[in-house]
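Undergrad: Taking the hints into account, I'd like the entire structure generated from these sequences.
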Amino acid sequence: MAEPVREELSALAAIFCGPHEWEVLSRSETDGTVFRIHTKAEGFMDADIPLELVFHLPVNYPSCLPGISVNSERLTRAQCVTVKEKLLEQAESLMSEPMVHELVLWIQQNLRHILNQPETGSGNEKCTFSTSTTMNDGLWITLLHLDHMRAKTKYVKTVEKWASDLRLTGRLMFMGKIILILLQGDRNNLKEYLILQKTSKVDVDSSGKKCKEKMISVLFETKVQTEHKRFLAFEVKEYSALDELQKEFETAGLKKLFSEFVLALRE
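Okay, so the sequence shown: first residue is 1 according to the UniProt record's numbering, each after it adds one.
In case anyone wonders, no lab produced these hints; they're calculated from the structure.
Since the model is a prediction, treat every value here as computed from it, not as a measurement.
It cannot be assumed that every hint is accurate.
List time: in silico DMTMM-like cross-link candidates among lysine to aspartate or glutamate, alpha-carbon distance up to 20 Å [claimed, not checked]:
| hint | residue 1 | residue 2 |
| --- | --- | --- |
| 1 | Lys157 | Glu238 |
| 2 | Lys161 | Glu52 |
| 3 | Lys198 | Glu160 |
| 4 | Lys212 | Glu21 |
| 5 | Lys201 | Glu160 |
| 6 | Lys201 | Glu21 |
| 7 | Lys214 | Asp31 |
| 8 | Lys223 | Glu260 |
| 9 | Lys177 | Glu213 |
| 10 | Lys201 | Asp165 |
| 11 | Lys212 | Glu52 |
| 12 | Lys198 | Glu29 |
| 13 | Lys154 | Glu73 |
| 14 | Lys198 | Glu21 |
| 15 | Lys237 | Asp147 |
| 16 | Lys201 | Asp147 |
| 17 | Lys212 | Glu23 |
| 18 | Lys40 | Glu52 |
| 19 | Lys237 | Glu250 |
| 20 | Lys229 | Asp186 |
| 21 | Lys198 | Glu213 |
| 22 | Lys212 | Glu73 |
| 23 | Lys198 | Glu73 |
| 24 | Lys161 | Glu235 |
| 25 | Lys157 | Asp205 |
| 26 | Lys201 | Glu73 |
| 27 | Lys210 | Asp147 |
| 28 | Lys256 | Asp243 |
| 29 | Lys229 | Glu250 |
| 30 | Lys40 | Glu85 |
| 31 | Lys255 | Glu227 |
| 32 | Lys154 | Asp165 |
| 33 | Lys201 | Glu23 |
| 34 | Lys214 | Asp147 |
| 35 | Lys256 | Glu227 |
| 36 | Lys152 | Asp205 |
| 37 | Lys198 | Glu52 |
| 38 | Lys237 | Glu160 |
TA: Structure, rendered in structure tokens:
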């Protein structure tokens, strides 16, 4: 981790020092740092709106944009997506310098203006996503492996909603005990999906209590190649035999991916 980034994280921890204001979710020399900030911003009628901002700082940050996820119990999902877009636009003007605190201050000062824009909250189908960063141009594909789903019905609905909100296509695949999520879309949105998957209480533990997903692994991620099929929708599919699952991957132009990663899951 570069010294300016280390200093920025230390400063943020000191600034957001109230109860539950700051939480580091993960640190990795290869994937960077993910942390959550709870803050408030002025919304309609001068009312404070609670915001949960999750930032993912890649290892080459601040030379590239951070990943950003926005959630609030007082905002619709479409409004959260719009707020994220505006934060990413603002981040582009701050490239090459540590920017998280400035972004938080900016959204605190500008949330009301963003929510007053007529397109905000008009429905997920009209939401647009920032795809113009130099690092994240083009369509990407990622394959995730889940160890288990205890609350399957609720879990599946949550995954479907996230995929829809983030305009991701692909498959949620069940074959025996194997559970795979194949996602295709903008790389920023794939990153946000992974943040949601790791930080939201999507399942229940053995005692039935809601819990976060701790048993997920990223098997593969790459930019979509010419031989890869473009998925038109996100579908949930169950396969009764391994050859059915293999055919799904081969049809999608992912035969090598199946042989290298999926077959190993049977062992």
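Undergrad: Identify every previously stated hint that the structure contradicts and give their numbers, smallest first.
TA: none
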